[in-house]
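Q: Each chain, written out:
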Amino acid sequence: MGKDFSSALRPAIVMTILFAVLLGLVYPLAMTGIGQTLFPAQANGSLVRDARGTVVGSSVLGQAFTADRYFQTRPSAAGKGYDGLASSGSNLGPASQALVDRVKPDVAKRRAEGVPGPVPVDLVTASGSGLDPDLSPAAALTQAPRIARVRGVPVDRVRTLVADATQASILGDAHVNVLALNRALDTLSGASTAGARPR
Amino acid sequence: MTFQGWFLILAFIGILLALAKPVGLWLFALYEGRRTPLHIVLGPVERGFYALSGIDPNEEQGWRRYAVHMLLFNAILMAFTYAVLRLQGVLPGNPQGLAGVGEHLSFNTAISFTANTNWQSYGGESTMSNLSQMLGLTIHNFLSAATGIALAFALFRGFARRETKAIGNFWADMTRITLYLLLPLCVALTIFYIASGVPQTLAGVVEVQTLEGARQSILLGPVASQEAIKMLGTNGGGFFNANSAHPFENPTALTNFIQMLSIFVIGVGLTWTFGKAVGNTRQGWAILSAMMILFLAGTTATYWAEAAGNPVLHSLGVAGGNMEGKEVRFGIAASALFSVVTTAASCGAVNAMHDSFTALGGMIPLFNMQLGEVVIGGVGAGIYGFLLFAVLAVFVAGLMVGRTPEYVGKKIEAREVKLAVLAIAVLPLTILGFTALSSVVGQGLAGPLNKGPHGFSEILYAFTSAVANNGSAFAGLTANTPYYNGLLGVAMWIGRFFIIVPMLAIAGSLAAKKYTPESAGSFPTTGGLWVGLLVGIILILGGLTFLPSLALGPIADHLMMIRGQLS
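Chains as they are written, first to last, in UniProt numbering: chain Z, 1 to 199; chain V, 1 to 567.
No lab work stands behind these hints: they were computed from the structure. None of these values were measured; they are calculated from a predicted model. Be aware that a few hints might be false.
What the hints assert, rightly or not - Derived DSS-like pairs (lysine-lysine); straight-line CA-CA distance at most 27 Å: (1) K513/V x K3/Z; (2) K80/Z x K109/Z; (3) K418/V x K21/V; (4) K80/Z x K104/Z; (5) K514/V x K165/V; (6) K451/V x K514/V; (7) K451/V x K104/Z; (8) K451/V x K513/V; (9) K451/V x K165/V; (10) K3/Z x K165/V; (11) K80/Z x K21/V; (12) K411/V x K514/V.
Said to hold, decoys possible - Listed next, the stretches of chain V that the computed footprint assigns to chain Z, with coverage defined by at least 3 CB atoms under 8 Å from CB atoms of chain Z: (13) 131-141; (14) 252-259; (15) 472-483; (16) 519-531.
Where is the CB? At the ideal position from N, CA and C, for every residue including glycine.
Based on the provided sequences and hints, a complete structural model is requested.
A: Here it is, written out as structure tokens:
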């Protein structure tokens, strides 16, 4: 056993150093170089800019929308909500009082907006990351009448926006990117009913 | 449950079955030490590494030497990572200016990544600098995976070789697996992930003003390069706290699918490699069949439970399956499938929060781990764990029908059975012992977020995940305390190395035996009867041991949930 140990010492130390350099430095740095060259937009977080060139968010990452004139996002357990430095789910169990206490007022809010039938589940549940960029088409369409009312646009135009922005996938569920949808919404009201946007 | 959901699950299984042979062939070339096309580029690197470390790759090692070299290498790697984490505050590559990682958290994390567990008591974005992620953690993702596959090769040689002490050379196995399998695949996967929207930069935080005028800090980093090996090496340690649920780690349904395939692909290939190594590929297919039966059963149960949804929420006027803790772009089916894949395979990455699954939906991931991570399992660890069960299965079959226990040409005798029982007994003893302790002492009870049986499930899940070297969590548990960091660290170490050493001893003992050709008196280890026996042994040993603990946790939780009784 002693001989086994002494024969292992040099390879163990040298291999640790060599692999640390190869896998811990060369590999990630080379990948960074390749990524920055081939896909600079994605490698730097898929940032979205407005007409003036100001960064307004990332197309991949969710951001909070709470105003009535926008499609509102799901509840978020990331920090105080959509915190990019504190991703997290709620981790509440299915029969937890805290979960019920959170969901109840959210359902009541949708009822007050005039949502008649069952509320789509993703609209009142927190995502895994707290940074979910999407809504289900049902959760977006539920909000269409409110948005049309607040913005003074025909509800069908809002629904068409949702349909246009819906991304289908056979490997996952159909979803709508909320940031893209809300940016489309802003251009829509700006073009059609200028001045009708209440602030 | 939807047509699309079942299509996803069946497509996943179909693609894996198609990959078993090609991947298995590549692994077999590495097992044999054959030259591959990649040697033209990476051969000089391999030879350079041997020369600098003073290694003769052709020197064969007995099981003790193989074990000592493997253990010392892992111990030094662990110390290296501990140092990197402690010194984080003074090292470069730290754009957020984070302080050094604390003592007990560094202890826990260094063991965790060495043991291929990647349990994370911390949130990555608020704890680890870019350099710590790369130099401290990414290297373990490669090397703990390579160690696992090397150990599987050693056991394969035990079955395949005759009357020898030699079971291979640890350094040659580990280096070849890293250079000719993991690294090239990760380069390709990293480029795919970046193209799909996973960041890869050395920059830190970007401040943005949102459409509503609020401020949002977006953290970037070298995410893609870690993501690739995190899945392929069944490590599971995320760059971000939310792991593969985070849109920067897993931005689309397609990346999600590729991540799930990455988790399983090497483990599936190894079953074929085993068959080839022992001279009958049907032996490998028999193992894969048993694994796939258990996998499909688990997937069906979780998918059904999650699609049925949470009756507590339904009574509030909410419609749909259980979406608490899940991402919309994946939905129910892809989240349920991911949870079963990651716990069957000892990966531990999550794309949805298991803590918020329905009680039964969350029980399946827990049960998968309690079976010993042998349904595909961790890279290498899955197949060597499975072969321990196979040794017990031929022994039990021998007792039942009065035949001499033999497996793939080797007589299974008292020594092998004792060692296999020793390795398998580690799991229930440590999991149940540590869970019981934490359910009575104050520092243990301080951990759970949820009350009632679900809180007990959080503790049980944590120790199951640690000992099984999985690393996923019922993440409501506050684990970043001296108590949990220390105890979970010990649990991970026991769960990895207290299984490996008896397993290598079996490899050594088998290699020394002579070949016993199959005869009319042998119990056939291919075909339906054998597959059924394997599934039975795994379920009886795993299932019966843990059933009482499951009754206290998820099953009690389920009964409360369907009665609408809150806690």
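Q: Next step is simple, just say for each hint if it's right about the structure.
A: Here's how the hints hold up against the structure:
Taking the CA atoms of K513/V and K3/Z, the gap is near 25 Å; set against the 27 Å cutoff, the hint holds. With a C-alpha separation of about 20 Å, the suggested pairing of K80/Z with K109/Z holds against the 27 Å cut-off. At roughly 33 Å between alpha-carbon atoms, K418/V and K21/V are farther apart than 27 Å, so this suggested pair is violated. In summary, the hint linking K80/Z to K104/Z is supported, as the alpha carbons are separated by about 19 Å, within the 27 Å threshold.
At roughly 12 Å between alpha-carbon atoms, K514/V and K165/V fall within 27 Å of each other, so this suggested pair holds. As the CA atoms of K451/V and K514/V are separated by approximately 57 Å, the hinted pair breaks the 27 Å bound. Between K451/V and K104/Z the alpha-carbon distance is near 20 Å, which keeps this suggested pair within the 27 Å criterion. Distance hint between K451/V and K513/V is unfulfilled; the C-alpha atoms sit about 54 Å from each other, more than 27 Å.
Straight-line distance between C-alpha atoms of K451/V and K165/V comes to about 54 Å, which puts the hinted pair past the 27 Å bound. Between K3/Z and K165/V the alpha-carbon distance is near 17 Å, which keeps this suggested pair within the 27 Å criterion. A distance of roughly 49 Å separates the Cα atoms of K80/Z and K21/V; the hinted pair therefore is violated under the 27 Å criterion. Restraint check for K411/V and K514/V: the C-alpha separation of about 9 Å stays at or below 27 Å, so the hint holds.
A stretch counts as covered by a chain when three or more of its residues have a beta carbon under 8 Å from one of that chain; for the stretch 131-141 of chain V and chain Z the count is 5, and the coverage holds. Residues of the stretch 252-259 of chain V lying with their CB closer than 8 Å to a CB of chain Z number 5, which satisfies the three-residue condition for coverage. Note: the stretch 472-483 of chain V has 3 residues with beta-carbon separation from chain Z under 8 Å; the three-residue rule is met and the coverage holds. A stretch counts as covered by a chain when three or more of its residues have a beta carbon under 8 Å from one of that chain; for the stretch 519-531 of chain V and chain Z the count is 0, and the coverage is violated.
Comparing the model with each earlier hint shows violations of hints 3, 6, 8, 9, 11, 16; every other hint is respected.
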